[in-house]
Amino acid sequence: MKFKAMLIASAMAFVPASVMAADLTIGFSQIGSESGWRAAETTVTKQEAEKRGINLKFADAQQKQENQIKALRSFIAQGVDAILIAPVVATGWDEVLEEAKESEIPVILLDRTVDASDDLYMTAVTSDLVHEGRVAGKWLVDEMAGAKCDIVELQGTTGSSPAIDRKNGFEEGIAGSDNLKIVRSQTGDFTRSQGKVVMESFLKAVGGENICALYAHNDDMAVGAIQAIKEAGLKPGEDIKIVSIDSVPDIHLAMLEGEANATVELTPNMAGPAFDALDAYFSNGVVPPKWIQTESKLYTLKDDNKHIYETKRYLGY
Amino acid sequence: MMSSSIRATLRRVTPQLIILAAVLFLNFLVFPDFFRVEFQNGRLFGNLIDVLNRGAPTALLCIGMTLVIATKGIDLSVGAVMAIAGAVAASLVVDGYSWQTALLGALAVGMLCGIWNGILVAVLRIQPIVATLVLMVAGRGIAQLVTEGTILTFVNPGLVHLGSGTVVGIPTPILIWVFLGLAVAAIVRKTALGMLIEAIGINEGSSRMAGINSRVLITSVYLISGFCAALAGVIVAADIKGADANNAGLWLELDAILAVVIGGNSLLGGRFSILASLIGALIIQSVNSVILLSGMPPEFNLVIKALIIIAILVIQSPTVKHALYIIRASAQPLPSEPVKEAKESTQ
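Sequences listed follow chains A and B, in order. Heads up: the first sequence begins at 1 in the working numbering, then just goes up one per residue. Heads up: the second sequence begins at 1 in the working numbering, then just goes up one per residue.
Only chain A is shown next, with the shape it has when bound in the complex (with noise of 0.2 Å):
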């Protein structure tokens, strides 16, 4: 088997990394393209894989777990070296990670864990969702440099797992910043349309020249928000300090006018570090501890927005 031959070839450790790369063959099973987030993955992890020379099977599951696991037994039964998968749900995977398992190909789980043993599979690479609120949380503690600050909050849909971490990293972050206080915070699930209806009740219920700040938990509320901002006659960046999570081109558009402040990004590209990981691993034998954790990188007026906004647009946002 081909992933014998890299484990000998490995242990005489004189080829380099980069032509060990070259000759691997990885299967990525996708859940969908449900999100533009989740199409610029999928552009990211085809273009992190030819730089790297990888030849890359790709699978689009259709939002289907039954997708899925077909795709992974057929990467098994082609003999791939590695799999690559954001399982489209927690549960119900220990059966086929088994068959990979036996079949000695190392899975990594991309975006998303699953509820199965960790032995099940080499890594799992995902952002900390509590951590980007967070980061967003201590920009505006920085931005406000001890000014009272009233904020309201758009929170992600009610109940799901990123509205909750996403909430509770903010409060993390301003924590111990008596001067930062979040007066209202409503559900926008997600959306530019319910951002910019919430955004509008909160510019009334609290009085837009009483809002200090806007944090989303995603930039599709907050470019609705902006909307709701201007036609209320307040300027949104100046008279209302705007942060949101995700990196989405259309908010580097509006911080390039001034409209929006800061934004932390959620990558997507995860197969970046997953290729490194098994680089390491096929050429050095180095296991990669069981998470890794993506960068949740801030942007602001600062950087060059225009050059990221250009470099986004064409991900499939």
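It is worth saying that the hints were derived from the structure and are not from the lab. Please read all numbers here as calculations on a predicted model, not as lab measurements. Any given hint could be a false lead.
Straight line, CA to CA, 20 Å or less: simulated SDA-like cross-link-like pairs of lysine to any residue [what the hints assert, rightly or not]:
hint : chain 1 : residue 1 : chain 2 : residue 2
1    : A       : 230       : B       : 158
2    : A       : 64        : B       : 141
3    : A       : 64        : A       : 90
4    : A       : 235       : B       : 198
5    : A       : 64        : B       : 137
6    : A       : 181       : B       : 297
If you want a taste of the chain A side facing chain B, the calculated C-beta under 8 Å gives, among others [unchecked claim]:
hint : residue
7    : 191
8    : 193
9    : 197
10   : 224
C-beta: ideal position from N, C-alpha, C; glycine also.
With chain A fixed as given, assemble chain B onto it according to the hints.
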């Protein structure tokens, strides 16, 4: 003549008006400035205006839905048709067409969807709930194909005006739904059309025997429903300057059906009132407004909404209505006695 028909209409919508007043009062309780309307930045600005403006999509949908339900049908596809129409309008202006072309294109696609539903129901005799479910599920996929899975944004000022612009200070969506509501209500009531639709809902077989072309009429009501949905979809897309195929109009078909039911229209078809449905749509939007203004944590949103809706439906239920009638009748014993005397005297 005229005043008696107005009085009859008023009597028909009295329960809905009372409920609307009660829910608006609830808004006033949680937010005392609720009724304040100002003129700001060249537009009317206030919570009451928001209720009328944000209620536009549901109000538009329930115009068509009322007619469909009057024929004993139901249209589950309106939310998906909204997504398709928004996507079509957005992609047309992005491709450089004028906003008029985009609007007409979206409306044409909406009516096409309506005709599709109508043919399934009226010609192939598939049950309406199943027939329209097809487009409800597939429609969102079609919309995603049009937008290629992204939120298709646009800046065309003409199209944006339909969603967030104003005419003499009044938000355009309000004018659109009020005008369309009055126009459709007038057309069905000033002609025999309304009566024919009711006849089909009560007994399609006998109405066909009586010479009503039920196939054409049923197809037409689904067509109107598709038209209304397309208009709502264009407004929703114009409002956020982007077509969001995943979320535009999501679950809004249920709000539209609820508005029709709150409007006192029977899901079994027959007599209908578009005006009452429109008030129903405003009641739903007022309930949403209470939730947003109350400042309660979002975990309570659906609970509050459910409690208010249940209260409204219980008050309207036949059993409670009958009980209220008996209480009212027994509280006023005087008017009933002269009637008895009159009967006795005639014997």
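Point to revise | Straight-line alpha-carbon gap residue 181(A) to residue 297(B), limit 20 Å | key: The hint holds at about 16 Å.
Point to revise | residue 193(A) as chain B interface residue, shortest Cβ-Cβ below 8 Å | key: With a minimum Cβ separation of about 5 Å from chain B (threshold 8 Å), the hint on residue 193(A) holds.
**Study point:** Status of the hint placing residue 224(A) at chain B (closest C-beta pair under 8 Å)
**Key:** 6 Å, holds
Check your understanding: Is the straight-line distance between the alpha-carbon of residue 64(A) and that of residue 141(B) 20 Å or less?
Key -> 15 Å, holds
Review point. With a cut-off of 8 Å, does the beta carbon of residue 191(A) approach a beta carbon of chain B closely enough for the hint to hold?
Key: 4 Å, holds
Review point. Is the hinted pair residue 235(A) and residue 198(B) satisfied, with a Cα-Cα distance of at most 20 Å?
Key: Violated, because 52 Å separates the two Cα atoms, which is more than 20 Å.
Check your understanding: Does the alpha-carbon distance linking residue 64(A) and residue 137(B) stay inside the 20 Å limit?
Key -> 16 Å, holds
Review point. Has the given pair, residue 230(A) with residue 158(B), been kept, meaning a C-alpha gap of at most 20 Å?
Key: Since the Cα atoms of residue 230(A) and residue 158(B) sit roughly 18 Å apart, the hinted pair holds (cutoff 20 Å).
Point to revise | Satisfaction of the residue 197(A) interface hint, Cβ to chain B closer than 8 Å | key: 6 Å, holds
Review point. Taken at face value, is the distance from the CA of residue 90(A) to the CA of residue 64(A) at most 20 Å?
Key: OK: residue 64(A) and residue 90(A) at ~12 Å, within 20 Å.
The structure fails to meet hint 4 from the earlier list, while all remaining hints are met.
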